[in-house]
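There are 2 protein chains.
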Amino acid sequence: MTSNTETSGLQAAFEEAKAGYEEGGIPIGSVILTADGEILGRGHNLRIQKSSPTLHAEIAALEQAGRQKAEIYRNATLYTTLSPCSMCTGAILLYKIPRVVIGENSNFRGDEDLLRARGVQVTVLDDEECKQLMRRFIQEKPEEWNEDIGET
Amino acid sequence: MTSNTETSGLQAAFEEAKAGYEEGGIPIGSVILTADGEILGRGHNLRIQKSSPTLHAEIAALEQAGRQKAEIYRNATLYTTLSPCSMCTGAILLYKIPRVVIGENSNFRGDEDLLRARGVQVTVLDDEECKQLMRRFIQEKPEEWNEDIGET
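Here the protein sequences line up with chains Y and Z, keeping their order.
Position 112 of the first sequence, counting from 1, maps to 112 under full-length UniProt numbering, and the rest follow consecutively.
Position 44 of the second sequence, counting from 1, maps to 44 under full-length UniProt numbering, and the rest follow consecutively.
Be a bit skeptical, because a hint or two may be false.
Any copy, or any two copies together, can satisfy a pair, since identical chains are not distinguished.
Pairs of lysine to any residue residues, derived as SDA-like cross-links and limited to a Cα-Cα distance of at most 20 Å, are as follows [to be verified]:
{"hint": "1", "residue 1": "Lys69", "residue 2": "Ser52"}
{"hint": "2", "residue 1": "Lys96", "residue 2": "Asp113"}
{"hint": "3", "residue 1": "Lys69", "residue 2": "Thr34"}
{"hint": "4", "residue 1": "Lys96", "residue 2": "Leu114"}
{"hint": "5", "residue 1": "Lys18", "residue 2": "Phe108"}
{"hint": "6", "residue 1": "Lys50", "residue 2": "Gly66"}
{"hint": "7", "residue 1": "Lys50", "residue 2": "Glu63"}
{"hint": "8", "residue 1": "Lys50", "residue 2": "Gln64"}
{"hint": "9", "residue 1": "Lys141", "residue 2": "Asn4"}
{"hint": "10", "residue 1": "Lys141", "residue 2": "Glu112"}
{"hint": "11", "residue 1": "Lys141", "residue 2": "Ile48"}
{"hint": "12", "residue 1": "Lys141", "residue 2": "Gln68"}
{"hint": "13", "residue 1": "Lys96", "residue 2": "Glu112"}
{"hint": "14", "residue 1": "Lys18", "residue 2": "Asp126"}
{"hint": "15", "residue 1": "Lys69", "residue 2": "Pro98"}
Keep in mind the hints are simulated off the structure, nothing from the lab.
Bound conformation, chain Y alone (with noise of 0.2 Å):
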């Protein structure tokens, strides 16, 4: 995997997380590249749009990716802009996604060691824009944000 691809798998998560912002949800955005860097599903967290506890952005690209093949998903690489919690690391090590490219775990920090403790491949690209989006949003709607990770 080049840097680029990194770069451009990372863009179109941070264009779902403001997309998901602009709808006045939470701004976090993921993408699912198959091997070959076709986007395979993409989706931004949901729960304020639809009500939603479980579609998180990486639930919400995996279903938008619909039902797929075994080695479909062992071959792809999930993006994320945000460090993923504990159900979406289960949803990546359920389907055997080798590699999980990650905006920005400052401003959370899920279960990337369980992730790695698994063997799949964790890159933290520490991104700029991705840490203020979120920041700003975790201001704005504090009660939003500690809902979304069992907090409140």
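Since the structure of chain Y is already known, use the hints to place chain Z on it.
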């Protein structure tokens, strides 16, 4: 928690599993009970019915419950007819649901050890009806089952 509550919680989950089977779906059901024993959410696996890779029974039950406050989850019990996969395990951990009652883990054993390691109280009832229904489905539609656990 009394044994009667455990039995009736599992019975409700099994009804969901049977409903899924009758729809032509993967027969796994789940219910979430509040501290008072009220049903907060219920659902069954919808992979086949909704072409969904993420609506496992536990996720469907969380979705049906809708947005809830942390304290509700932290006093709830999740019942599922089959040992929860990594994704559903992660969802339980995200919302800090403290108790999980599992119908059986002989047809599939998920990430129970991770639940226990993170302090979740896990009870496996080794229920004969749950085992038989799941075994029947796996024999009838092995490909759909293997797809559901990321194996084909």
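Status of the hints after comparison with the structure:
| no. | hint | result |
| --- | --- | --- |
| 1 | Lys69 / Ser52 | between (26 Å within a copy, 13 Å between copies) |
| 2 | Lys96 / Asp113 | both (15 Å within a copy, 18 Å between copies) |
| 3 | Lys69 / Thr34 | within (12 Å within a copy, 36 Å between copies) |
| 4 | Lys96 / Leu114 | both (13 Å within a copy, 17 Å between copies) |
| 5 | Lys18 / Phe108 | within (18 Å within a copy, 39 Å between copies) |
| 6 | Lys50 / Gly66 | both (18 Å within a copy, 9 Å between copies) |
| 7 | Lys50 / Glu63 | both (14 Å within a copy, 10 Å between copies) |
| 8 | Lys50 / Gln64 | both (15 Å within a copy, 12 Å between copies) |
| 9 | Lys141 / Asn4 | neither (33 Å within a copy, 42 Å between copies) |
| 10 | Lys141 / Glu112 | neither (25 Å within a copy, 34 Å between copies) |
| 11 | Lys141 / Ile48 | within (11 Å within a copy, 37 Å between copies) |
| 12 | Lys141 / Gln68 | between (35 Å within a copy, 16 Å between copies) |
| 13 | Lys96 / Glu112 | both (14 Å within a copy, 18 Å between copies) |
| 14 | Lys18 / Asp126 | within (17 Å within a copy, 47 Å between copies) |
| 15 | Lys69 / Pro98 | within (15 Å within a copy, 33 Å between copies) |
Hint violations for this structure: numbers 9 and 10, all remaining hints satisfied.
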